[in-house]
Amino acid sequence: MSELRVIKRGEINEDLWNNQVLKYGDGRPYSYTWYLDALGKWKGLIVGDYNIILPLPYHQKYVYQKRLYQPFLSQLFGPLGMDMSHDYTTEILNYVKAQWPNSQLFLPQGIRGIDERLNVTNRVNQIIPLNREIEEIRSEYTKARRAQIRQNKEKVKITFDTDIERFLQAYKSAEFPKEKPILKQWSLFNRVLAACNEVGFLEIIRVEDLQGGLLTTAAFIITNTRVINLIGVSSALSRDYHGNAIKIDAMLARYCTDKQMFDFFGSNLPGVNGFNKQFGADEELYIQVET
Numbered sequence: 006m007s008e009l010r011v012i013k014r015g016e017i018n019e020d021l022w023n024n025q026v027l028k029y030g031d032g033r034p035y036s037y038t039w040y041l042d043a044l045g046k047w048k049g050l051i052v053g054d055y056n057i058i059l060p061l062p063y064h065q066k067y068v069y070q071k072r073l074y075q076p077f078l079s080q081l082f083g084p085l086g087m088d089m090s091h092d093y094t095t096e097i098l099n100y101v102k103a104q105w106p107n108s109q110l111f112l113p114q115g116i117r118g119i120d121e122r123l124n125v126t127n128r129v130n131q132i133i134p135l136n137r138e139i140e141e142i143r144s145e146y147t148k149a150r151r152a153q154i155r156q157n158k159e160k161v162k163i164t165f166d167t168d169i170e171r172f173l174q175a176y177k178s179a180e181f182p183k184e185k186p187i188l189k190q191w192s193l194f195n196r197v198l199a200a201c202n203e204v205g206f207l208e209i210i211r212v213e214d215l216q217g218g219l220l221t222t223a224a225f226i227i228t229n230t231r232v233i234n235l236i237g238v239s240s241a242l243s244r245d246y247h248g249n250a251i252k253i254d255a256m257l258a259r260y261c262t263d264k265q266m267f268d269f270f271g272s273n274l275p276g277v278n279g280f281n282k283q284f285g286a287d288e289e290l291y292i293q294v295e296t
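If you count the sequence shown from 1, you need to add 5 to reach the working numbering.
Since the hints were derived computationally from the structure, they do not count as laboratory data.
The beta-carbon is built from N, C-alpha and C at its ideal position, and this holds for glycine as well.
Some clues are possibly wrong.
[To be verified] Only pairs whose alpha carbons sit at most 25 angstroms apart, straight line, appear in this in silico DSS-like list of lysine-lysine:
#	residue 1	residue 2
1	13	46
2	13	28
3	282	264
4	162	177
5	162	148
6	28	46
7	13	102
8	46	102
9	158	148
10	71	102
11	48	102
12	148	177
[What the hints assert, rightly or not] Ranges of calculated distance between the beta carbons of each label pair, as one might list FRET restraints:
#	residue 1	residue 2	range
13	287	20	31 to 37 angstroms
14	265	20	42 to 48 angstroms
15	144	265	17 to 23 angstroms
16	139	65	28 to 34 angstroms
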């Protein structure tokens, strides 16, 4: 078995690391070095010559105590590489458990080698396969959802841009979500969105009424294969126009034939899960592992 080692961020070969993410990351950007840098402090677990990689984001409360965690605005990581055999994943997870007790990571559902002593919880993402015409995708919406979009789409204006400052200002002033991030999280929002924009992965959609009043806006990550609904906000008026439904439909129409997967970024909340399924979304399970 190849050597397993953990190295500091500054010692990582970015080309070798990011090439593995491109090959085996399934279109998710969270394990790229630039995305991890925006999230916070991290190290890299590497097997062999970058044959397998696993990001290790961490909190450091005391000099002698570090805990791994799943950062906000990242859905999952998971070991990435060609040879994800039972032996490798068992060794990796046992190593993580021994070195970082009381830690948490979100990993792909299909990973092999999960030790029974680890606390594992299922989590749910929702996805819609793309690479097909929008009419076919819309045929899988519920009848009520199709009617709501049809009756309101001429009453709104939809625009696309990458204006991070305007998006964050809308987030601060919008009615929903009611709980606003603390100052530290605003900085995180800005870093992640700026990092995505720098590599051409960011798109912000804005839905307004015909008088220019904001109904809803959302920041999407557009990778080579995935369209990811990262974060959004809405006004109270949005419900009258079904603004969130129009927003999702517009993004599906925009990328239906160019990308492979529309990713809702997941939710275990029944209300959000139910909303996503009204578009014909499938469930994509992943796991929360606590050491």
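Of the numbered hints stated earlier in the document, which are not met by this structure?
Violated hints: 12, 14, 16; rest satisfied.
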